[in-house]
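Protein chains: 2
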Amino acid sequence: MLDHFFYPHNIAVIGATDNHAKGGFHILRNARAGFKGKIFPVNPKYDEILGVQCWPDVDAIPENFDLAIYFIPAKFLPETIRACARKGAKGIIIESAGFSEVGEEGRRLQRESVDLARSLGIRLWGPNCMGLLDGHSRNVFSFMYSDLWETLMEPGPVSLIVQSGMLSAGFLMMILERGGMGISKVCSIGNKCDVHETELLEYLINDNNTGVIGCYLESIVDGRKFLDLSRSTRKPVVVLKGGASDAGSKAAMSHTASLSGSAAVYEGAFRQAGIVPVFDVHELMDFVRGFSKVDSCPECGGTAVVTFSGGAGIVTSDLLSNCGVAPAELSPETMDALKKVFPPWMAPAHPVDLWPAVELNGMDVVYPASVEALMRDDGVDSIIVETVGWEASTPDYLAAIAALKKKYRKPVALWMVGNSNIHDVFRKTAEDGGIPVFTEIRRCVDFIAGVKRHFRKKRALLPV
Amino acid sequence: MLDHFFYPHNIAVIGATDNHAKGGFHILRNARAGFKGKIFPVNPKYDEILGVQCWPDVDAIPENFDLAIYFIPAKFLPETIRACARKGAKGIIIESAGFSEVGEEGRRLQRESVDLARSLGIRLWGPNCMGLLDGHSRNVFSFMYSDLWETLMEPGPVSLIVQSGMLSAGFLMMILERGGMGISKVCSIGNKCDVHETELLEYLINDNNTGVIGCYLESIVDGRKFLDLSRSTRKPVVVLKGGASDAGSKAAMSHTASLSGSAAVYEGAFRQAGIVPVFDVHELMDFVRGFSKVDSCPECGGTAVVTFSGGAGIVTSDLLSNCGVAPAELSPETMDALKKVFPPWMAPAHPVDLWPAVELNGMDVVYPASVEALMRDDGVDSIIVETVGWEASTPDYLAAIAALKKKYRKPVALWMVGNSNIHDVFRKTAEDGGIPVFTEIRRCVDFIAGVKRHFRKKRALLPV
Numbered sequence: 001m002l003d004h005f006f007y008p009h010n011i012a013v014i015g016a017t018d019n020h021a022k023g024g025f026h027i028l029r030n031a032r033a034g035f036k037g038k039i040f041p042v043n044p045k046y047d048e049i050l051g052v053q054c055w056p057d058v059d060a061i062p063e064n065f066d067l068a069i070y071f072i073p074a075k076f077l078p079e080t081i082r083a084c085a086r087k088g089a090k091g092i093i094i095e096s097a098g099f100s101e102v103g104e105e106g107r108r109l110q111r112e113s114v115d116l117a118r119s120l121g122i123r124l125w126g127p128n129c130m131g132l133l134d135g136h137s138r139n140v141f142s143f144m145y146s147d148l149w150e151t152l153m154e155p156g157p158v159s160l161i162v163q164s165g166m167l168s169a170g171f172l173m174m175i176l177e178r179g180g181m182g183i184s185k186v187c188s189i190g191n192k193c194d195v196h197e198t199e200l201l202e203y204l205i206n207d208n209n210t211g212v213i214g215c216y217l218e219s220i221v222d223g224r225k226f227l228d229l230s231r232s233t234r235k236p237v238v239v240l241k242g243g244a245s246d247a248g249s250k251a252a253m254s255h256t257a258s259l260s261g262s263a264a265v266y267e268g269a270f271r272q273a274g275i276v277p278v279f280d281v282h283e284l285m286d287f288v289r290g291f292s293k294v295d296s297c298p299e300c301g302g303t304a305v306v307t308f309s310g311g312a313g314i315v316t317s318d319l320l321s322n323c324g325v326a327p328a329e330l331s332p333e334t335m336d337a338l339k340k341v342f343p344p345w346m347a348p349a350h351p352v353d354l355w356p357a358v359e360l361n362g363m364d365v366v367y368p369a370s371v372e373a374l375m376r377d378d379g380v381d382s383i384i385v386e387t388v389g390w391e392a393s394t395p396d397y398l399a400a401i402a403a404l405k406k407k408y409r410k411p412v413a414l415w416m417v418g419n420s421n422i423h424d425v426f427r428k429t430a431e432d433g434g435i436p437v438f439t440e441i442r443r444c445v446d447f448i449a450g451v452k453r454h455f456r457k458k459r460a461l462l463p464v
Numbered sequence: 001m002l003d004h005f006f007y008p009h010n011i012a013v014i015g016a017t018d019n020h021a022k023g024g025f026h027i028l029r030n031a032r033a034g035f036k037g038k039i040f041p042v043n044p045k046y047d048e049i050l051g052v053q054c055w056p057d058v059d060a061i062p063e064n065f066d067l068a069i070y071f072i073p074a075k076f077l078p079e080t081i082r083a084c085a086r087k088g089a090k091g092i093i094i095e096s097a098g099f100s101e102v103g104e105e106g107r108r109l110q111r112e113s114v115d116l117a118r119s120l121g122i123r124l125w126g127p128n129c130m131g132l133l134d135g136h137s138r139n140v141f142s143f144m145y146s147d148l149w150e151t152l153m154e155p156g157p158v159s160l161i162v163q164s165g166m167l168s169a170g171f172l173m174m175i176l177e178r179g180g181m182g183i184s185k186v187c188s189i190g191n192k193c194d195v196h197e198t199e200l201l202e203y204l205i206n207d208n209n210t211g212v213i214g215c216y217l218e219s220i221v222d223g224r225k226f227l228d229l230s231r232s233t234r235k236p237v238v239v240l241k242g243g244a245s246d247a248g249s250k251a252a253m254s255h256t257a258s259l260s261g262s263a264a265v266y267e268g269a270f271r272q273a274g275i276v277p278v279f280d281v282h283e284l285m286d287f288v289r290g291f292s293k294v295d296s297c298p299e300c301g302g303t304a305v306v307t308f309s310g311g312a313g314i315v316t317s318d319l320l321s322n323c324g325v326a327p328a329e330l331s332p333e334t335m336d337a338l339k340k341v342f343p344p345w346m347a348p349a350h351p352v353d354l355w356p357a358v359e360l361n362g363m364d365v366v367y368p369a370s371v372e373a374l375m376r377d378d379g380v381d382s383i384i385v386e387t388v389g390w391e392a393s394t395p396d397y398l399a400a401i402a403a404l405k406k407k408y409r410k411p412v413a414l415w416m417v418g419n420s421n422i423h424d425v426f427r428k429t430a431e432d433g434g435i436p437v438f439t440e441i442r443r444c445v446d447f448i449a450g451v452k453r454h455f456r457k458k459r460a461l462l463p464v
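Line by line, the protein sequences give chains A and B. FYI, this note's numbering numbers position 45 of the first sequence as 45, with every residue one higher than the one before it. FYI, this note's numbering numbers position 342 of the second sequence as 342, with every residue one higher than the one before it.
For the record, the hints were derived by calculation from the structure and aren't laboratory data. Given the structure is predicted, the values throughout are model-derived calculations rather than measurements. There could be a bad hint or two in this list.
You can't tell identical chains apart in this list, so a pair holds if it fits in one copy or across any two.
Here are the simulated DSS-like cross-link-like pairs (lysine-lysine), alpha carbons at most 27 Å apart as the crow flies [what the hints assert, rightly or not]: (1) Lys407 <-> Lys428; (2) Lys38 <-> Lys452; (3) Lys339 <-> Lys22; (4) Lys407 <-> Lys22; (5) Lys45 <-> Lys340.
The following block holds chain A by itself, in its conformation from the complex:
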């Protein structure tokens, strides 16, 4: 059971320090900010840190604890595992490096530690990782330095499994700062000597706080089970697979000592299992944010495009075509409804270039009226909305589009250009209403393609 990692009663912080430049300080600081149980810092150099009594070694801790966070040199791990066992610990998060990723000696140390921990009933998380955090419980068990946890981390449906430590750190900072999605459990698993992605995937599939699962993985332990789990879950599983090329695979070997497979093998297997594959770091972030806002997609129809720019509409058509996503065929009723907001001299077409209509009737009228016409059309299963954030309108029309999305239960992806301050207000309005905003047209297109694929798989599953 992995509950000891996410919901421990008491924790020990082995390698806590008062030196603010060290990770051992931030582990303690982060834990104190959110964790509700008792914390036992361990370091013979201090009597107390941050007002918390400090213990010279694990054996000196006067109570049992179920989780330890380990941030001292690698070589002390075996004796620490024994000491933790004496205190009833069920799990250790090892955030230090210096194990299998540094060569034969590290590999041996890691292997022996796993064997030892198993014999003592202790699960190991890491090593060479950034630990975990939880937006709902507010537990942050990580040496990542940031004030962002307290101010920016909103609870929500997005859980992540990230093999790379620094990537999960940089990544998370971006996610939190960018906003627009709520966080459930972020798991940085590093060398994953014991707890690994497949076990975590199963845990997150059964976790009520998790609605979307995003992964950055360099290799997959028990790949068959990972695929089976992905195939049978209704939750979107979005995976960035690092080391899919020969060159990348070589790099993965020296990064987290992972043996990774070939690109073609992975991609084919992923698609068959209904996994949504992505290929870049921001793409993973954009996709999990997007999926956190989509709860349905109709069975048939194509993608409709409304835009302020004929040019952007054309580029979108090209990208939809490259991506194999069918454009919607709009019904005569839809065309009639669109005509009502268009000037007589300009007939609407698809992609629907709203600009002539906007010049006549303003964005607040034209965008919601057009999106509603498309939402009602049985030939439309999803909509890409392209707009501009500027002084000439309020963001109200985006709230109206968001309400339409909820009413008609069709996914919408938004691409927006324009002045950045205003853009941010508009973006927040859209995303608070459930419409993800992307900065690249191609991202909208790829995302809609992923959504359609995911809901196709979901419909094929037996009803719950």
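Using the hints, position chain B against chain A.
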């Protein structure tokens, strides 16, 4: 000659108005802000607008002018052409819509206007366009509403030819706000009934203020000449071709009445002509900004990657491999130089994951030392640098990397994550020093691939 459009002596603004909601107001306001010659607003309803004397019709203007900007309904164009001819005009920028893009009647009006103008020695620009602007002369002949021209438009090498009006508007706002590149001539050509992309390409190739040419085009007039010009110029020509798919091509027909060709035909011809093809709007923006900062790329070698994140390095390797870009083979001397900043327990590899070295020696030491080691390596022709903008370092190391780029004349592309306020300062330091910053790893990779291709073509040209 197109000089009359870019450097007129006097201009008439036909359809000027004091109504701030109308484009005719902004044309006048924009022109007044930068243009040094005389301006003659034309509108029978006003005696003066913005303090400038207004004339009831073109014939009433007491002096000759060489350029008119037209922003009244389409049907008045023929009589206006005749009136402008009587005032010695050499060019008219028609920003109104209602021509060939709205059907047979509009097509006829457009064709007749072109014939008439030709017979009177007047060149037509547009119609259905946003006009032009020039970062050096400060001439802004466009109805686009913005305060950005005065405050944010920096003179520089980037010229654009954009067929879509709204795209050029939204696009330009983004470019100017985003910063990081200087502007030469932005040409929004709309239906391009007379002045077209191929003529403008030739003009910009011969324009001393222009160093990079970016295009969004839905069709290409005189395609052979466009390719020949691209093949023989030393300036990078980056083209986003809209309507390359069947669906996109259909949309382009109704947008600017352009007959566009097939994707495969265009892409093959573009690559042969040394054109850098792009496929999305922000990609075009990123590429012209990037090319504005690159003035050389060595003949042989591969792309080196330095990163703060093993995971990001692996993703980069995968993307380089997908893109067909060879990773650099680092020499033993380079490895020895890298070892000097690495901890003894962690040997450097490629991609160079600097994190263990940064933990030991800090970013300010490790990044410049590593980049210099790579710059000295004959097996390295270009470098992708991945970093994090955060509180733990100053942006000084980016200035140091920029200096190395200038010294060794090898292109660098930077990918940065992190806290946004700090990120902006770091980004500005990098870009002011000549290193383009991108938000997607894939963009770095695609850009480096484009740079290598461009300089390969450039080397193949005869010396000047």
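Each hint, compared with the structure:
{"no.": "1", "hint": "Lys407 <-> Lys428", "in the structure": "within (20 Å within a copy, 44 Å between copies)"}
{"no.": "2", "hint": "Lys38 <-> Lys452", "in the structure": "neither (46 Å within a copy, 58 Å between copies)"}
{"no.": "3", "hint": "Lys339 <-> Lys22", "in the structure": "between (64 Å within a copy, 23 Å between copies)"}
{"no.": "4", "hint": "Lys407 <-> Lys22", "in the structure": "neither (51 Å within a copy, 36 Å between copies)"}
{"no.": "5", "hint": "Lys45 <-> Lys340", "in the structure": "neither (77 Å within a copy, 31 Å between copies)"}
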